[in-house]
Amino acid sequence: MKASRFDHVLVLAGLLVIWQAVSLLASPDVVPSPLSAIARAAALLQSENFWKDAANTGRAFALACAIGIFGGACIGFVLGFSRFATEVADPILGTIYSIPKITLYPIILLVFGLTLSAKVAFGVLHGIFPVIIATMAALRNVAPVHRRTARILRLSWAATITTILAPAALPEIFAGVRIGVAVTLLGTLLAELFASSSGVGFALIRAMEIHNVVDIFALAVLIFLFAAAINGLLHFLERKIRHA
Amino acid sequence: MSFRLTRAAVARVVIVVAALAALEILCRAAIINRMTMIPPTEMVVALWQILESGKFNADILFTIVNTTAAAALSVVGGFGIGALLHALPRLRHAVEPLLSAYYAVPVFVFYPLLIVVFGVGRAALIAMGALVGIVAMIVNTLGGLDRVPPVLIKTAAALSVDRLRTLILVRLPAAAPHLMTGVKLSVAYSVIGIVAGEFILSTAGIGKRIAFGYQDFDNRTMYGMLLLLLVLVMIVNGALAAWEKRLHRRFGTQ
Numbered sequence: 041m042k043a044s045r046f047d048h049v050l051v052l053a054g055l056l057v058i059w060q061a062v063s064l065l066a067s068p069d070v071v072p073s074p075l076s077a078i079a080r081a082a083a084l085l086q087s088e089n090f091w092k093d094a095a096n097t098g099r100a101f102a103l104a105c106a107i108g109i110f111g112g113a114c115i116g117f118v119l120g121f122s123r124f125a126t127e128v129a130d131p132i133l134g135t136i137y138s139i140p141k142i143t144l145y146p147i148i149l150l151v152f153g154l155t156l157s158a159k160v161a162f163g164v165l166h167g168i169f170p171v172i173i174a175t176m177a178a179l180r181n182v183a184p185v186h187r188r189t190a191r192i193l194r195l196s197w198a199a200t201i202t203t204i205l206a207p208a209a210l211p212e213i214f215a216g217v218r219i220g221v222a223v224t225l226l227g228t229l230l231a232e233l234f235a236s237s238s239g240v241g242f243a244l245i246r247a248m249e250i251h252n253v254v255d256i257f258a259l260a261v262l263i264f265l266f267a268a269a270i271n272g273l274l275h276f277l278e279r280k281i282r283h284a
Numbered sequence: 007m008s009f010r011l012t013r014a015a016v017a018r019v020v021i022v023v024a025a026l027a028a029l030e031i032l033c034r035a036a037i038i039n040r041m042t043m044i045p046p047t048e049m050v051v052a053l054w055q056i057l058e059s060g061k062f063n064a065d066i067l068f069t070i071v072n073t074t075a076a077a078a079l080s081v082v083g084g085f086g087i088g089a090l091l092h093a094l095p096r097l098r099h100a101v102e103p104l105l106s107a108y109y110a111v112p113v114f115v116f117y118p119l120l121i122v123v124f125g126v127g128r129a130a131l132i133a134m135g136a137l138v139g140i141v142a143m144i145v146n147t148l149g150g151l152d153r154v155p156p157v158l159i160k161t162a163a164a165l166s167v168d169r170l171r172t173l174i175l176v177r178l179p180a181a182a183p184h185l186m187t188g189v190k191l192s193v194a195y196s197v198i199g200i201v202a203g204e205f206i207l208s209t210a211g212i213g214k215r216i217a218f219g220y221q222d223f224d225n226r227t228m229y230g231m232l233l234l235l236l237v238l239v240m241i242v243n244g245a246l247a248a249w250e251k252r253l254h255r256r257f258g259t260q
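Read top to bottom, the protein sequences are chains A and B. Under the numbering used here, the first residue of the first sequence is numbered 41, with each subsequent residue one higher. Under the numbering used here, the first residue of the second sequence is numbered 7, with each subsequent residue one higher.
These are computed hints drawn from the structure, not numbers from a lab. Quick reminder that beta carbons are idealized off the backbone N, C-alpha and C, glycines included. Some hints could be false.
[To be verified] Just some of the chain A residues that point at chain B, by a computed CB distance under 7 angstroms:
1) VAL70
2) LEU85
3) GLU127
4) PHE242
5) ILE250
6) VAL253
7) VAL261
8) LEU273
9) HIS275
[Said to hold, decoys possible] Not close to chain B: a few residues of chain A, all C-beta gaps over 12 angstroms, as computed:
10) SER87
11) PHE117
12) THR155
13) VAL185
[What the hints assert, rightly or not] For the chain A half of the interface with chain B, some residues (derived, Cβ under 7 angstroms), not all of them:
14) PRO140
15) ILE142
16) ILE148
17) LEU150
18) PHE264
19) ASN271
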């Protein structure tokens, strides 16, 4: 059974109704009503302070994404070129990927200090592993006949990558990039929640300290919308690449 | 094949040991400042002293108990919701986009809210861990129940086994490998949610000790507890991954 658009609207409406009901039951001081949170979110979008925070987080996030994707793809290609290296590296990377990386943030802070670089480094630490793992897996899954064709045509090492491996592996790498971007955003925000003097994560902590739940909800709504929009965009690009 | 595999395993051990040795030398030679990192061997000694003195036993227990509670909530709740959604295809298709986008949004930003609602302490942490872990279990329960071979269900129907017993005797074992994947991810995500929560704001816990160690420039505590947490997480994740692999092999699903 295919879900109709109507069903999706129903689910969204249901969520809003539940939110409203919880707000009424628990008192609006603890859980604000959806309307007040959305109104506050709209007001935030017009305030200069919010955009200052957003620009701060956005800069760290964009830099971390660029470094994580590029670095991850490069490392993935180098390791993925050899089956043996892939076999050796895969469990190590998988282990690092599954540990709670927030524990490593103090080390990053000790290395970089309380700077933009620390935030970027922490974002990269989150995002780079899914990209490496996906790139290695993508290269492993390239059909052997493609590799053999490259050998028969005596393509150089660089030409093999640019004309055979990269195009064949791109869709799968992109799936890793999508996960990488999502966790990079998480990493950047976590960095700001733990220790920072600016950014959206810092605004959240500030709101928590003065028990301003409307602000917490409004910021959460904006962050979710931003993350969902990016996820949607990457999904769209992924489909385009697959069908190209 | 098995020869290659052992060769890879040997190479892996060599790489990890070499990396640790390099770190040790860099720290001992003061190329890495002591204020930044202490040598790995000193981390082990620091951890040993912490465990021997027992001064952080309450924190260690706090994290373990909370994580167990959150993981249990995610696994049981996630399985229940997953099984329910599987039985209601229309609702399932309607909420599926939410499930697939769940891990693309940083759910963790709700932690400040949970603190306002529950206060600083156990409840907020367990709720955070469960919130982060539950959807992995829902998704994998759905995936597992989808992959139960129809012939098994038909056989059960032909033998006129009732619905409940079909679920327990046929569907569950057939879905076991995928359920185990869900358990593995749920546990890993719950740990991440809880430790992150302890870092940001908490009354106790391993994460809180690491954060305190950092703020007090007490590197021995920070790195000792960090080592403890990493070892615990690797043991739990490794054990669950091994169990999952065994189930997959047994049911021939991978």
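| Numbers of the earlier hints that this structure fails to satisfy, in rising order | 2, 4, 5, 7, 8, 9, 16
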